[in-house]
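Visitor: Chains as they are written, first to last, in this note's numbering: chain A, 1 to 319; chain B, 1 to 319; chain C, 1 to 319; chain D, 1 to 319.
Calculated directly from the structure, the hints in this document are not laboratory data. You may find that some hints are simply not true.
With a straight-line cut-off of 30 Å between C-alpha atoms, the simulated DSSO-like cross-links for lysine-lysine are [claimed, not checked]:
#  : chain 1 : residue 1 : chain 2 : residue 2
1  : B       : K214      : A       : K235
2  : C       : K235      : C       : K214
3  : C       : K75       : C       : K92
4  : B       : K3        : B       : K75
5  : D       : K210      : C       : K214
6  : A       : K92       : B       : K213
7  : A       : K214      : B       : K92
8  : C       : K303      : C       : K315
9  : A       : K210      : B       : K75
10 : A       : K235      : A       : K315
11 : B       : K77       : A       : K213
12 : A       : K92       : A       : K199
13 : B       : K214      : D       : K3
14 : C       : K115      : C       : K92
15 : B       : K92       : A       : K213
16 : D       : K75       : C       : K213
17 : D       : K210      : B       : K3
18 : D       : K90       : D       : K75
19 : B       : K315      : B       : K235
20 : A       : K213      : B       : K75
21 : C       : K214      : A       : K3
22 : A       : K75       : B       : K235
23 : D       : K92       : C       : K214
24 : B       : K315      : B       : K210
25 : D       : K210      : B       : K92
26 : C       : K90       : C       : K115
27 : C       : K75       : A       : K210
Pair by pair, the computed Cβ-Cβ distance ranges are [unchecked claim]:
#  : chain 1 : residue 1 : chain 2 : residue 2 : range
28 : C       : D114      : A       : M1        : 41 to 47 Å
29 : B       : G47       : A       : S305      : 50 to 56 Å
30 : C       : P226      : D       : D273      : 48 to 54 Å
Since this is a predicted model, take the numbers as computed values, not measurements. For each residue, glycine too, the CB sits at the ideal point set by N, CA and C.
Protein chains: 4
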Amino acid sequence: MQKIAVLTSGGDAPGMNAAIRAVVRRGISYGMEVYGIYHGYAGLMEGQIEPMNVGSVGDIIQRGGTILHSSRSEKFKTEEGQQEAIAQLKAKEIEGLVVIGGDGSFRGAQNLADKGFPTIGIPGTIDNDIPGTEVTLGFDTAVNTVIEAIDKIRDTATSHERIFVVEVMGRHCGDIALWAGLSGGAESILIPEVDFDMKEVTYRLLEGNKRGKKHSIIIVAEGVCPAAEIAQMIKEEAGLETRVTVLGHVQRGGSPTAFDRMLGSRLGAKAVDLLREGQTGKMVGIQRNRIAVVDFADVFSGKHSIDLDMYELGKSLSI
Amino acid sequence: MQKIAVLTSGGDAPGMNAAIRAVVRRGISYGMEVYGIYHGYAGLMEGQIEPMNVGSVGDIIQRGGTILHSSRSEKFKTEEGQQEAIAQLKAKEIEGLVVIGGDGSFRGAQNLADKGFPTIGIPGTIDNDIPGTEVTLGFDTAVNTVIEAIDKIRDTATSHERIFVVEVMGRHCGDIALWAGLSGGAESILIPEVDFDMKEVTYRLLEGNKRGKKHSIIIVAEGVCPAAEIAQMIKEEAGLETRVTVLGHVQRGGSPTAFDRMLGSRLGAKAVDLLREGQTGKMVGIQRNRIAVVDFADVFSGKHSIDLDMYELGKSLSI
Amino acid sequence: MQKIAVLTSGGDAPGMNAAIRAVVRRGISYGMEVYGIYHGYAGLMEGQIEPMNVGSVGDIIQRGGTILHSSRSEKFKTEEGQQEAIAQLKAKEIEGLVVIGGDGSFRGAQNLADKGFPTIGIPGTIDNDIPGTEVTLGFDTAVNTVIEAIDKIRDTATSHERIFVVEVMGRHCGDIALWAGLSGGAESILIPEVDFDMKEVTYRLLEGNKRGKKHSIIIVAEGVCPAAEIAQMIKEEAGLETRVTVLGHVQRGGSPTAFDRMLGSRLGAKAVDLLREGQTGKMVGIQRNRIAVVDFADVFSGKHSIDLDMYELGKSLSI
Amino acid sequence: MQKIAVLTSGGDAPGMNAAIRAVVRRGISYGMEVYGIYHGYAGLMEGQIEPMNVGSVGDIIQRGGTILHSSRSEKFKTEEGQQEAIAQLKAKEIEGLVVIGGDGSFRGAQNLADKGFPTIGIPGTIDNDIPGTEVTLGFDTAVNTVIEAIDKIRDTATSHERIFVVEVMGRHCGDIALWAGLSGGAESILIPEVDFDMKEVTYRLLEGNKRGKKHSIIIVAEGVCPAAEIAQMIKEEAGLETRVTVLGHVQRGGSPTAFDRMLGSRLGAKAVDLLREGQTGKMVGIQRNRIAVVDFADVFSGKHSIDLDMYELGKSLSI
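In isolation and in its complexed conformation, chain A is listed as follows (with noise of 0.2 Å):
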């Protein structure tokens, strides 16, 4: 394989730089010629596929963001739309492509892997919710922001003594709010894939307050129900007043964690790897901590669970 490509896609998340940088490097170590391809499969259609070198990733890997930007695109989800993506690459004589994205980004790659073009995935989202690697590129980088906000928010919480409910992302999965709930040292973590119990967390309140503990903060993952409903409840249920505050985008965003970079760099590295041996149809990801290779199809057929565990150890530290 003499051409590879690789693009971002779906939403951002700290650490596709890392990972950019890896794949460039990677390809030209092995003597490959590495294009860039800008706005994901959008921008690839509309061939905006651009040459790198070694300069054109140095100075990212502290980068937040994707330097080669992303969109979501339907058009790509057509025949047609796939038809001119591999006429695209087919034009520049590319090879092999690399996905960095989401698994709706891995189902565009799977189809670019029926119709023959090689492709390899790289699960690169904050929310963590992807089958097949127990990481997501971003996922680290997003808990630490989710915590320094907490520890913000715990000194107004402290010094006014209030309850304050905190929304994070996580639509489906509970991961950030789990992680960042637990070392955040949050009083009730709410998350989608336990049902919650609103007497447990009044409850929790209330002992607490019994106890002297007079301020708490409930961190709740979007998925759940909105934030300010969780207010509500406890207004109703045990006539506390709280403060609500929604994270919102500012978890994307920002220079990521030296976890994210390494994990970038060392999947990015894998990708090339595996579309010069190859290999397509497959996600490279992190199994036990070890690098791991999964077929799309096993992604796609996967359930990413949360660790009950770590949920059941967060309640009894949260006393």
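Starting from the structure of chain A, add chains B, C and D where the hints point.
Guide: Below, chains B, C and D alone, put in the same frame as chain A:
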């Protein structure tokens, strides 16, 4: 004066602990006994008054919030409340009081001064909305917190070429929005002091678009209108989709910047000096970068205005 | 087991407070009484033992260092010292001890276990040099601290087109250098485990120069040789001027990352579970991302080795 | 004036990019063409001059260092060098030059002005050592970087009850040491402007010890003497062991604070205004928190002095 006390009141602000430390240590350096009053005026009326020593305020200069806790009190606005407060102070033979808080807190301090109890105020609020001082304790930290958030949001804005509307604190005062917008490189800044023209905002967005600038950040102070309304107007005016983030309570917390630690230290020490000189009913602030002493009366009758040159500067640099 | 105690020993590491919090709260959740021992083994021999409650460990999960303080003790290596320690523990009817520290601290814990006093160890050190666990408490924070410093130094390196030699901690173990070098995008990484070839280092610098890359960062673990000597060698070999920075003690401190807070929480809780099950003379660590329980004997006879794949990865990406 | 240029010279400082951005955009807002000169005066003499547009300075306000790079040049101190510089500027029909740097850089700018080429200087250096302005671009960021390091070191100092001697930048000017020491809560601050009495330093340490304060941080500006010598003196005078950390080049880098971004923006815009008004041979700085315009001659003959009140304040608060 042999015995003085210090309390924090109203919203907490980073740097309050530096001011508390300075009051305690400056007092001790003069041979005074210094007391900490917990929970603001509410705690004062209940006699939550504890002696402080050099070690009580060790290792706090870098902490957000206030170790003395804060509160708001309706009762203290009454004659009865104020009499109780003075009785509590006299029971401990305390002869002077330093109040760290906003202008509401200073009204309480003025009431005590009117009754013959010496009080000095330190302007502690992130909002920078207190007449008579060009900067308030906590403002610098809050602005830095906001620009860190903007820097993160910019990663996503750039990667996805999106427009973000970011709501920051400031009900009547646009200083946080103005400073953070200018130093965060925001494309438009909307503040309560200046009527905004939605046509100009959308014109800037559309002009930027024409030049190839596809991402933008618009900062809006909460006192203008909710960010979601701005987003709606942009959609109606220009047909552009935006994302909304409301930064919320993270803006109050966090380890104070060097500036706020220094400011708290200087104002705290000066407040003790003033009590010692027999002064009362005054705020110690900053004017033209020097310590300034202002009568509470002038604070109440004054008006904080924004720097219009800065507002114009923002416009000329965000092209 | 009704009464347990916890101490920290050796160099402090971020995350120790999370582990202390977990030991205390997990113990209390089982109905135990939990004691904190101050100043490590030295304090233990002197009876510096205080009861802890749920509130004793409130608001500490985010703090660097150790609230129990730490120390090194020669006396505790003697039979007499160990007898005194056991006498102190028995005087308080304490039945089990959690020791948070490095392998030197575990030898002390092994001595107590040998004498019939149940002990469990938690690997707490930034150096990541303890056999039997793939990561130690504090390592993730230290690496992130180092890359923040590298990111800052890179600003100057780029602006002035200079070469910087940065010395990081690691006497026998190059993991901090390796991780920080890789995730900081360093051009060369020198670690104690791999003999370095100065000709290769200078060749990389000169080749980079030819390609137009005029700034470079070289990371050297303290166990290799002082950074100043590397600088001298580069000058002699290649005639290139460099600047030297020794990061020093900042690497030990700081608010722990989410990973270290989580790791401390998990290991602390598990240590209590093990004591409760009647286990002793064991370390609780992480292997392949799962909690692993290892005999101290295996820790002492084991050898921590670096990941050579990562070392090679670093080389291929820093071209 | 239709065409102007900007360069950065001497040591880099955070905020330089904000100033470059302001020069470029303010110039463009007046309809000017603006050029960036790379590598300071050295690059100027070689004609490294590129046109800048609005987008050239997009997304740089938050970056440390200088996108124009910097250098020091001996040749530019010669008549020949200056003639070459002017020839290069005239070849591009450039009529005015903004120089961002320290007082050495201003001497170069004065030379050009003396030869009839209009120049305006912006004080960019972390050292805060330029007469005629009460603050220099980069100082606020550097102080915040230092206090973050002190906060980390304090974790270890407290945990191990040790004394640390921390060396910070400042050959002739103690402002970084003074500000960082005061806002970092240092026990002693040694600066070049004030003779220090080692007996007083050790007395404070020993007195602190008696009161139970077993950890201390001593800040020393590099211009006083190497930190290691202070450590040696403390050992000889008081028999106390200390640890030494030399912060080094991290102090120059990092994303600028809000203050430095604002300062760079204001000074950059004003420098263009001055050129446009036909002014030359002047520095634009800050006096009493307002923009001030000062002749280079007054900068060269002036003397920056530290604020002795602040020095005394530090002493009274670090008891």
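Visitor: Any hints from earlier that this structure breaks? Give me their numbers in increasing order, please.
Guide: 1, 5, 12, 27, 28
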